Amino acid sequence: MELRKSYFADQRKDDLHEIGQPRPRSDSPGHVTGKTAYFADRNFPAMLHLKMVRSPHHHARIRSIDISEAEMHPGVVKILTAKDVPHNVYTILILIQIGPEDETVLADGKVRWKGEAVVAVLAETERAAHEAAAKVKVDYEVLPAVFDMEEALKPGAPVVNEYHGRNYYLYDSGECRKVRFGDVEAGFAGADHVLEQTYQSSPIEHAPTETTGCIVAPEGNDRFTCYTNTQAMFFTLDNASIILQMPGNRLHFVGGTVGGGFGGKVDVIVEPIAILGAKLTGRPVSFIYSREEEMQISSPRAAEKVVIKDGVMKDGRIVARKVTGYTDAGAYSRHSPYGAQKGAGHYPGPYTIPNVWIDTYCVYTNRTPSSAMRGFGVTIGDFALEVQMDKLARLIGMDPLEFRFINAYRDGDMKAHRQPTEGAALIECMQEASRAANWPVAEKFMAMSSYAKGA
Amino acid sequence: MAKIPVQFTLNGAEKAEFIDGGTTLLNALRDKIGDTSPKGGCHQGTCGACSVIIDGELRLSCLTLAETCNGAAITTTSGLSQDGVLHPLQRAFLDAFATQCGFCTPGMIMAAKVLLDHTPDPSRDDVVEALSGNVCRCTGYEPIIQAVLTAARSNSQNAA
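Going down the list, the protein sequences come from chains A and B. Every letter in the first sequence is one number past the one before it in the numbering used here, and letter 145, counting from 1, is 145. Position in the second sequence (from 1) plus 1000 gives the number in the numbering used here.
Simulated from the structure, these hints should not be mistaken for lab results. Hints are supplied without guarantee of correctness; some may be wrong.
Far from chain B by the CB rule (all over 10 Å, computed), these chain A residues [said to hold, decoys possible]:
hint, residue
1, Val32
2, Asp41
3, Asp139
4, Gly259
5, Phe262
Mimicking BS3-like on lysine-lysine, the simulated pairs with C-alpha atoms at most 30 Å apart in a straight line are [claimed, not checked]:
hint, chain 1, residue 1, chain 2, residue 2
6, B, Lys1032, B, Lys1015
7, A, Lys444, B, Lys1015
8, B, Lys1015, A, Lys78
9, A, Lys279, B, Lys1015
Remember, it's a predicted structure, so these values are computed and weren't measured experimentally. Backbone N, C-alpha and C define an ideal beta-carbon position, used for all residues, glycine too.
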C-alpha cells in the first residue's frame, strides 16, 4: 500500500508510521480456528426457545387474541402478550430526547406492518415453540393500508401510527427538516439552465450471515446476562431497562462479536422480550431470527425519494439547488427521523452552492420499519446527487470531473447549514482519482488546493 | 420422544450421543457435542456457514440428519490446527486478511480443504467454483480466493 503524504505535507506534522502498514487483525486467530464466540455459541441447560407470532396483515385492528389452545401444547412454558410487557410502547431514540414513543414491543390493539410481533411463545424446543405459535388465534379486522410515501402524505390517507397522528415525523422545524441558505428562487431566475430530476430507491436488506438474536441467562439473583449480537450495546441496554422497568445494574450485556451487521443490528428488538421471558420463567431464553425473519422482519435501509432541482451556469457554477427528500420510515420511527435529518444537512453535497433550499420528510407507511444501514440518510442521497452532477455536466457540455472541481467545497467556504468548511480534501481526492483512472483534467484543476489560498 | 443413539468420530475423537429424531448434524455438533465452529446462517442449505467434512466430502451440516452419520468420520474447522500450530489454510486466511466478521470463515475453510485434498494445485477458477456455495456477506471474496491459492502453493512447496 502506498501512502502519499505530499498533499497535506505542510499541514500534517504527525508521524504516520502505523498508517500504511499492514497489522494483523486481533480477531482473526479466533475466526480461522472457529474459537470466536458469537452469541449463539452459548448453550445453557434447560434453555427455552422463543418464537414470535407475527401479523399476516399490513394494517389491522386486533379484535381478540386467544392463546388457550397454544398454552396446552406440549412443551409450552409461557406465552407473552402486550399486557406482560411493563413499558410496552417505546422508541429507541428517546434516549436522546427524540420522541414520541411510537412502537409496541408486542402489538396492543393494532398491527401496522406485515410481520409485526404480536405474541411471544416460549417452549422447551424450537419445534414446540413453532407448533404452539401456529395455534395462537388472533382475530383481525383488516384496515386500509398505505405503502407509498406520496399517497401517505395526501389528505385522507389512512393514519399509520396514532402516536404521531399524521403520516410524517413532526420535527421542531415543522413537517420536515429544513435548510435555507441564500435565495434559491433568485438563483434559479439568474441561471442559464435549470434541471429537475427525481430519484428513487427501494428498501435494502443488510442480509448478515449471522441472523439477529440473543440468549439470556438469569443469574439467580434477579440479574440477567444477555448475550447479544447487537451493534448498539448501550442503546440496547438502556432501552431494555426502560421497556422492562428494570434498573440497568440488573442487566449484564455481553456482545462485541457480530457475524455481520451493516447497521441492521442497531435496533432494540430481540433483547427486551427475551429478558422478559427469562424473568418470568426463571430459565435461559434463546430468541434467534430465522433466515426468513432476518430478510422480512429486520429493519431494511429506508426507501427514499429525492427530487433535486439545480440552477447551473454555462461556465459550470451551480448557483441554486433545491432538494426535497422523502425517507420511508415504515410503520415506526426507529432511527429514521435521524436519517432524514442527516439527509437535510448532507444534500448540498461536497459542493459550495450560494443558494440552497432543502426539505426532508420522514414519512410513515405500512411497510416494514426501516432503520440504520451504512450511511443511512446520505447514501441514497449521494447516488442521486452524483447522478445529477453528471447530468448537469452533460447539459452544459462540460467534462463531469472538471465540473466537480469548479463546484468543490474548500476550506473556509460556508456550507448551507452554516458550518464553515474545514479539512476539505475533495479536490486532492479528485486529483488523485484523475491520475489513477487516467481521466485527465485541465492543468488549472490539477493545481487547485482545498486549503491553500489562491491555488 | 424416543432418543436415537448416534456415534461418529469428530476430528479424530470418538463421540456418542442420544439425539431426537430429526436433529440436524449442525444442531447435534453445536448443542450436544459443543463444537460451535460450524455456524447456522440460514438452516436451509444456502449460505454454507455450516459446512463440515464427512468421510472426505464437503457437506452442509444443516441439511444432514445426525442419525445418518453413524460410523462417519467428521472434520470441522475447530479440529484443523494440531498442537497449537495452524493448518496452512488457517495460516493463509490469517495472513491474507481473509476474515472480516468471521462468521463464514469456518465454512470457507472446510470448502477450501476439500478442494485442496482433491486438487492440490487448483486454478483460480477451481477455487471460485469450490467456494461458490459459501456466502461472505462482508463480500471479502478476493482475499479468501488469494488465501486458498496461497495455501495450495505452500502445501506444494512443503511436499516438494
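Proposed proximity, Lys78/A with Lys1015/B (alpha carbon, max 30 Å) | Distance ~34 Å between Lys1015/B and Lys78/A Cα, so the pair is violated.
Measuring Cβ to Cβ, find out whether Phe262/A lies farther than 10 Å from everything in chain B.
-> 8 Å, violated
Closest CB-CB distance from Asp139/A to chain B, is it above 10 Å?
-> 31 Å, holds
Per the stated criterion, does the least C-beta distance between Asp41/A and chain B lie above 10 Å, as a non-interface residue requires?
-> Asp41/A not clear of chain B: closest Cβ-Cβ about 4 Å, inside 10 Å.
Taking C-beta pairs only, is Val32/A more than 10 Å away from all of chain B?
-> 4 Å, violated
Take a quick look at Gly259/A and tell me if its Cβ sits farther than 10 Å from every Cβ on chain B, holds or violated.
-> 3 Å, violated
Within a Cα-Cα threshold of 30 Å, do Lys444/A and Lys1015/B meet the stated pairing?
-> Violated, because 73 Å separates the two Cα atoms, which is more than 30 Å.
Holds or violated: are the alpha carbons of Lys1032/B and Lys1015/B at most 30 Å from each other?
-> 10 Å, holds
Is the hinted pair Lys279/A and Lys1015/B satisfied, with a Cα-Cα distance of at most 30 Å?
-> Given that 30 Å is the threshold and the Cα spacing comes to 35 Å, the pair is violated.
Consistency note: the structure conflicts with the earlier hints numbered 1, 2, 4, 5, 7, 8 and 9.
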